[in-house]
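Chains A and B, in that order, give the protein sequences. Under my numbering, the first residue of the first sequence carries the number 5, and numbering increases by one thereafter. Under my numbering, the first residue of the second sequence carries the number 5, and numbering increases by one thereafter.
Honestly, I wouldn't trust all of these hints.
A pair counts as met if it fits within one copy or between any two copies, since identical chains are not told apart.
[Claimed, not checked] With a straight-line cut-off of 35 Å between C-alpha atoms, the simulated DSBU-like cross-links for lysine-lysine are:
no., residue 1, residue 2
1, Lys261, Lys392
2, Lys459, Lys409
3, Lys105, Lys205
4, Lys177, Lys380
5, Lys376, Lys173
6, Lys245, Lys50
7, Lys409, Lys145
8, Lys277, Lys75
9, Lys75, Lys210
10, Lys459, Lys399
11, Lys407, Lys277
Keep in mind that the hints were calculated from the coordinates and are not lab data.
2 protein chains.
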Amino acid sequence: MSQEIQLDISGVRSAAIGTEHGITPSVYREIERDLSEAHEIIKQEKKSGDYGFYTIHNDRTMWNDVEITAKKLLKNDIENLVILGIGGSALGITTLLTALKPQYYNLQTKEERRGFPRVFVMDNVDPDSFSEMMELCDPKKTLFNVISKSGTTAETIAQLFVVLEMLQKSLGKSNIGNHLVITTGPVAKRKTLTPMQEISKKYDCKTFVVPENIGGRFSVFSPVGIFPAAMLGLNLRELAKGCRLMAKRCASSDLKKNPAYLNAGIHHHLMSKRGRSISVMMPYSNKLRDLADWYRQLWAESLGKKENRDGSETKLFAGQTPINALGVTDQHSQLQLYLEGPHDKIVTIMEESHFNTNLPITGIPRSFKSLKYMQKRTMGDLIHAERKATVHALKAAKRPVVKIKVPRVNESTLAQLFYMFEVQTAVAGVLLDINPFDQPAVEQIKIFTREYLGKK
Amino acid sequence: MSQEIQLDISGVRSAAIGTEHGITPSVYREIERDLSEAHEIIKQEKKSGDYGFYTIHNDRTMWNDVEITAKKLLKNDIENLVILGIGGSALGITTLLTALKPQYYNLQTKEERRGFPRVFVMDNVDPDSFSEMMELCDPKKTLFNVISKSGTTAETIAQLFVVLEMLQKSLGKSNIGNHLVITTGPVAKRKTLTPMQEISKKYDCKTFVVPENIGGRFSVFSPVGIFPAAMLGLNLRELAKGCRLMAKRCASSDLKKNPAYLNAGIHHHLMSKRGRSISVMMPYSNKLRDLADWYRQLWAESLGKKENRDGSETKLFAGQTPINALGVTDQHSQLQLYLEGPHDKIVTIMEESHFNTNLPITGIPRSFKSLKYMQKRTMGDLIHAERKATVHALKAAKRPVVKIKVPRVNESTLAQLFYMFEVQTAVAGVLLDINPFDQPAVEQIKIFTREYLGKK
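Isolated chain A (complex conformation):
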C-alpha cells in the first residue's frame, strides 16, 4: 500500500458540480498557465534561501542535536513536559500530538505511556487555566520548553516569569537550568539580547535556535516542533522522510504531479473569481482534527493581507477564511449550512483510510428492522459511509469539494500534509500577489497591548 497522501479534485470540476460553480476544462488550463508562471517565482524563492521551510528537514546537524538532547533529558525523572508558546509555537506540536499519541494520553499510566512524560501545551494567558496546570505539575518532575522566535512575545514571557518564580521556590535558583529548554531566534550581531536570550544565559539552559529564515507558522520542522516531538517519542526520521517525499512532488511544475500547486490553483481561482471566500477543512478522523486548526493559522495569517507584494497597491483586502470542522461530528452542526447556505465555500474532506481498529457493531437484534443497514458493520464502516455520503451531498448541492486521502495517520503522512500545505500557501501568496510570510497587523496589536497594559 502506498504511503503517499493523495489529492483528488474531481469534485470541483464542472463535470461533477456543473458549469455555474465548477471548474471547466478551459478554466483548468488557465489555472495551469497561472501556476507555470508562479513556478518560476517559487524556484527563485527556493534558490534565494530566504525561506527555510523548504529544506529544514535536511539540516542533519540540527535534527541530530534535537534527538540526542531529548534522549539525554528523558533519562531524568520527567513526569511532565510543559510547552509555553502561542500561535506557530504551539499549533504544530499540538497537531503532531493529537495525530500520533493516544487521544487520552495524559490519562494513561507512565507504563502505558512507555515512560514518556505527560504533555501540556499552554497556548494562552488565561490565568485560571495556567494556575490549574501548575497545580498538576510538580516542578521537580517537570520540564518546561519555552518557545518564541522573537524572544519577546508578551504571552510567552509572562508565562515564563510565572514559571520561573515557581521553579525558584521549589528547586532553588541553581537547579532551574535543568528544567528549562528554550527555543528562540539566533543572537543578532550588534544587538542586545532578547529577554529569552538573557534568561537562557542566566540559567545556562539548553537552547535551540530557530533559523532566521523560518517564520512561526512554517516552523513545525524546526526545533519548535521536533524537540517536543522527540521528547514524546515520535519518530523524527519518518517525519523527515515524509518531508522529502512531498518536497520531491512539490518540485514539479506539472499540476498532475504537484498537489500543492494544484490545490493552490483551485483555491485561488475559486476565492478570487468565484466568490468562494471560505475554505473548510473537515477531516473524518479525530487524529487529524488539530491539523485543521494548524491549517487555519497558516492559511489565514499568510493570505489575509491588505497590500500587494511590493506595497504599491493597498486596500487589496485579500484572503480566504479557513474553517476547521470535524467529520462526522460537524455533520450535525455545520453541514446544513454548507449544503443549503450561501455558495461561498470550498470544502476539503480528509479521509483516514485505515484506522488501527474498526470496532464491530454487534448484538443488534433481528427484530430491530430499522437497523438492518447496520447489521454486521463496524464503526469504521460507519465513519467511511458518512464521509462518502457527505461528499455525495456536497456535489449534489453543487458545492466544490476537494478530497485528501491519508492512507494511514503516521509520522510520514503527517509530514507530507504539513509540507504540502506550506508550499500551497507560498504559491497562493504568489498567485494573490501578496507576501504570505509577514503579519503586519499582529505586530500592531502588540503595540496596542503594551499601551493598554501600561495604563493598567
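Here the structure of chain A is known, so what remains is to put chain B in place on it, guided by the hints.
Same frame as chain A, now just chain B:
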C-alpha cells in the same frame, strides 16, 4: 456587582467605524422597526407552545426528577460518566463542563473532584478514539448516558451497541440497566418504539424524555444537558435562575432592554445588506471557548436554509457562517485576516471580567528594559489588555465588533448566554423569513449514509 451579562454594540455604529461599514442612526431605526414587527411573530410563537426552549426552565417536575436521579446514582461507585451523543446532544453539556469544571478535571484525583465522576463526551464514531475510551473506563464503575431525541441517530446507536456488548461481557445482562441512562423523545401514539426506546424497555433503565417541542440544538436545558450537569455537581437552581433572568429581558420589544433582539437585528442587517457573511465568536477566556462551538451549531444549522418559511421561495441560500475563535490564542492565528482580509465579518469579543485568580508576573529584572510595561502586572491584566487592544484594532480597521461582558463565569451567566443566543437565533429566523428549527439537509445525509453503509 451585577450578575447580568451585558451586550455592547457601540463598535458596530458608524460613530465608531464610519458610515461605509457602520450602522448609522437611521439604519438603527430601521432595525428597530424590523424587530418590532418580528416581536409580534415571536409572541405568537411563544404562545403556541410549539417551541419548548422558551419555558423549559420552568418545568419543575422534570428538573426535580433529574436532580433526585443524579443524587441517587451518585451514591453508587461511579468513577466515569460517559456521554454518547452527537451534535445538539453533546455540545451543550461540553460547553457547561468546559466553563464550570476545572480545565484538567479528568486528571484530578477523586478527592479533588469532590467525589464526582470523570467525564467523557463521545461525539464521534472514530473507532480508535472510542476504543481508547473503553480501555480507560472500567464498565463496573461507569455510567453511560445515551442521548438521541429521535432515538435513531446512527452514530449514537452504533456507539450504544458497542457499549452494550462490553457491558454484557463484563457485568452480565441483568446488571446492564444500572449502568445505562437513556435520554430520548417521547413514545409516539400508534407508532412502533424507536431502537433507543426498545433498549430502554429491554434493560429497564432510567429514561428521561426530551419533550417533542425541543429541538436538539435548543435542548441544553432539557435532560439532554441538565442530567449530566447534575451528575457533575453543577448547580441546577442557578442555571434555572439565569434562564429566568434572561427570559425576562427577552420579553421586551425594546432593543435597549432586549440583548437577543438587538444582536439579532445587528447581525441580520450586516449579513443581509452589508455583505458580512461571517460571524466570529471570540471569547477571551478558556472557560468560554466551547460556548463558541455550541454557538457555531446553533447559528449555522438554524439559519443555513435554501427555502423561506413557507417554502414558497426556494434558492434563498440564507445563512451566516459562524466561526469559533479564542482570545488571546487566535490573535496569533486569525486576527491578521480579520484586520486586513475581506470586509466580510462581524466579530463578537467576549470578556470574562473576573478570573478566579490573576497570577502576578514577578521577578522581571530591572535590567530588562524592554519588559518595563509588564512590571507589577498580572496574567489577568495581560489578557484584559490584549482584549482591549484587539477591540481597538478592529475598530481602527473599520471592522464591526460586538462586545459581550460576562461578569463571572458561573451557572447563572452561562444560562443567560445560552438563552440569549437561542432567542437571538429564533428572531433571526423571523427576520430572514426562514425556519430556524429544522435541518432538512442533515436528514438527507442520513439517507445517503444508510445507502453507502448498505453497499459496504
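message: At most 35 Å between CA atoms: does that hold for Lys177 and Lys380 within a copy, between copies, both, or neither?
response: between (62 Å within a copy, 21 Å between copies)
Intra- versus inter-subunit Cα pairing at 35 Å for Lys75 with Lys210: Answer is within; shortest intra-copy Cα gap is 13 Å, inter-copy 52 Å.
query: At most 35 Å between C-alpha atoms: does Lys459 with Lys399 qualify within a copy, between copies, both, or neither?
result: between (54 Å within a copy, 20 Å between copies)
task: Up to 35 Å between alpha-carbons, please classify Lys245 paired with Lys50: within, between, both or neither.
output: within (19 Å within a copy, 61 Å between copies)
query: At most 35 Å between C-alpha atoms: does Lys261 with Lys392 qualify within a copy, between copies, both, or neither?
result: within (25 Å within a copy, 47 Å between copies)
task: First find the shortest C-alpha distance between Lys105 and Lys205 inside one copy, then the shortest across copies, and answer within, between, both or neither for a cut-off of 35 Å.
output: within (33 Å within a copy, 40 Å between copies)
- request: Could you place Lys409 and Lys145 in one of the four classes (within, between, both, neither) given a Cα distance threshold of 35 Å?
  value: Neither. Shortest intra-copy (40 Å) and inter-copy (39 Å) distances fail the 35 Å Cα cut-off.
query: How do Lys277 and Lys75 come out at 35 Å by Cα distance, when the copy is not named: within, between, both, or neither?
result: Neither, since 51 Å and 60 Å both go past 35 Å.
- prompt: How would you label the pair Lys407, Lys277 (within, between, both, or neither) given a Cα cut-off of 35 Å?
  reply: both (21 Å within a copy, 34 Å between copies)
message: If the cut is 35 Å between Cα atoms, do Lys459 and Lys409 qualify within a copy, between copies, both or neither?
response: between (52 Å within a copy, 20 Å between copies)
message: As a check of your reading, is Lys376 near Lys173 (CA-CA no more than 35 Å) within one copy, between copies, both or neither?
response: Close across copies (23 Å), not inside one copy (64 Å); limit 35 Å.
The structure shown violates the earlier hints numbered 7 and 8.
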